[in-house]
Amino acid sequence: MSDTTLPLFEVFVRAKRGLSHVHVGSIHAPDATMAVRNARDLYTRRQEGVSIWVVAASDIVASSPDEKDSFFDPAGDKIYRHPTFYTVPEGLEYL
Amino acid sequence: MYGNDFVDPNDPGAGPLNAADGGAVEAAAAHVDRRSEIDLSDFDAIIAADQRVEPRDVMPEEYRQTLIRQIAQHAHSEIIGMQPEGNWITRAPSLRRKAILIAKVQDEAGHGLYLYSAAETLGIDRAELLDRLHNGKQKYSSIFNYPTLTWADIGAIGWLVDGAAIMNQVPLCRCSYGPYARAMIRTCKEESFHQRQGFELLWDLVRGTEAQKAMAQDAVNRWWWPALAMFGPRDTGEHATGGHTAQSMAWGIKRFSNDDLRQRFVDMTVPQAERIGITIPDPKLAWNAERGHYDFGDIDWDEFWRVLKGDGACNAQRMARRVTSHEQGAWVRDAAAAYAAKQAARQQAAAGEGSAA
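Keeping their order, the protein sequence lines are chains A and B. For the first sequence, the tail end lands on 95 under my numbering, and the numbers increase by one without skipping. For the second sequence, the tail end lands on 1357 under my numbering, and the numbers increase by one without skipping.
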């Protein structure tokens, strides 16, 4: 009996045209082609999607939750990137 | 909602038929992520702020193990649950009923796969989970060890067993573990069809011949008590100590006690039974105006534990069937893996030629 687990793929589905693909879960499959077919049967049985991406889970590189502070800190002190940072005269429109 | 095309506009269940229709699933799906405001290295802070724990967050080992056990047993239940209903696919009384039943059994497989995926995010391998099911180290819901003796059982399972499952699963859409909560949202959206098709099936039977009506009543007589037992052992009042309820609630895995969910299920189901003329097989069942709930009789917990520990009508049959189909499906997995390896080798060879040219 062969019981090695097949490779894991993460599945992303575009619900309709105009929306981006969103992660919906994962699936095991021998290769990417089968992963797309299996993902169709598992995640879009009720017309939940018009397009599917699969990505080998082992190919995903992610930031680490442990580094959350140091990693995202550089954005923290740049409040001038937000429009609310700026003072303008009252009564103006479209600004 | 799914399946509405099949439903008579005079359906007695017009309005929210079950807990999944009441907006709770949508509310859970609309959960607002405030994780950026929290120190994610502090598990207790995430739980206290009612935020989702995600796979790579720090979490206590007991939390991880509790979730692996619960999600795996939930997944096993979905997969084993395909058997009692699959039993009637070849004998469904019409093409319409056959198509519905096939779709439902396929959904159960899907629910199992959503759940195995969620369990795997906790760092356990799929093959290991199946091993634990096959060697009996992990259980599945004892309800699936009861036999499906007549066609009406398919209706009773959809109405009562799936109805109880929805009652259990809707609060799990707000479970503290993100991947489990998300799997439950998908599942609950699909369960509504399961419960409605079962109710409609029974409703058809009670409007049929005397024999058909008797068959529907007999199925409900056999499934009512096991469905109530599905919510698990008593865990309120004098029964509140022991068991996992308190810890699971503190961790935000469980949101309501077993007894609370069971009561809600009874309150919701009794009027549905009355509407189609099915008698609930409980002489103690009565509306208690003071409590604002139905009182109901005692569950046979000896039977519950006996069936859970292996002494139900179908325990051996269900497990043998599961192991056999896993073994007999090995050639499919082997063939797919061999094909993938061959394709990969060809691609590699083609890439090699390309670089040589």
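Simulated from the structure, these hints should not be mistaken for lab results. Careful, some of the hints might be misleading.
Claimed, not checked - Facing chain B, according to a computed beta carbon distance under 10 Å, are these residues of chain A, among others:
no.	residue
1	Pro-83
2	Val-88
3	Pro-89
4	Gly-91
What the hints assert, rightly or not - List time: in silico EDC-like cross-link candidates among lysine to aspartate or glutamate, alpha-carbon distance up to 20 Å:
no.	chain 1	residue 1	chain 2	residue 2
5	B	Lys-1139	B	Glu-1303
6	B	Lys-1189	A	Asp-31
7	B	Lys-1189	A	Glu-48
8	B	Lys-1189	B	Asp-1204
9	B	Lys-1342	A	Asp-31
10	A	Lys-78	A	Asp-41
11	B	Lys-1139	B	Asp-1302
12	B	Lys-1137	B	Glu-1037
13	B	Lys-1284	B	Asp-1295
14	B	Lys-1342	B	Glu-1327
15	B	Lys-1098	A	Asp-31
16	B	Lys-1213	B	Glu-1274
17	B	Lys-1309	B	Asp-1295
18	A	Lys-78	B	Glu-1037
Keep in mind the model is a prediction, meaning the values are calculated, not measured. We put the CB at the ideal spot given by N, CA and C, even for glycine.
Going through the hints against the structure:
1. Pro-83: At 20 Å from the nearest chain B Cβ, Pro-83 of chain A fails the 10 Å test, so the hint is violated.
2. Val-88: violated, 28 Å
3. Pro-89: violated, 33 Å
4. Gly-91: Not OK, violated: Gly-91 of chain A not within 10 Å of chain B, min 35 Å.
5. B:Lys-1139 x B:Glu-1303: holds, 16 Å
6. B:Lys-1189 x A:Asp-31: violated, 29 Å
7. B:Lys-1189 x A:Glu-48: holds, 12 Å
8. B:Lys-1189 x B:Asp-1204: Given that 20 Å is the threshold and the Cα spacing comes to 24 Å, the pair is violated.
9. B:Lys-1342 x A:Asp-31: holds, 11 Å
10. A:Lys-78 x A:Asp-41: violated, 46 Å
11. B:Lys-1139 x B:Asp-1302: Given that 20 Å is the threshold and the Cα spacing comes to 17 Å, the pair holds.
12. B:Lys-1137 x B:Glu-1037: Measuring from Cα to Cα gives roughly 40 Å; hence the hint is violated.
13. B:Lys-1284 x B:Asp-1295: holds, 7 Å
14. B:Lys-1342 x B:Glu-1327: violated, 23 Å
15. B:Lys-1098 x A:Asp-31: violated, 32 Å
16. B:Lys-1213 x B:Glu-1274: OK: Lys-1213 of chain B and Glu-1274 of chain B at ~14 Å, within 20 Å.
17. B:Lys-1309 x B:Asp-1295: violated, 29 Å
18. A:Lys-78 x B:Glu-1037: Given that 20 Å is the threshold and the Cα spacing comes to 18 Å, the pair holds.
Going down the numbered hints, you'll see the structure goes against 1, 2, 3, 4, 6, 8, 10, 12, 14, 15, 17, while the others check out.
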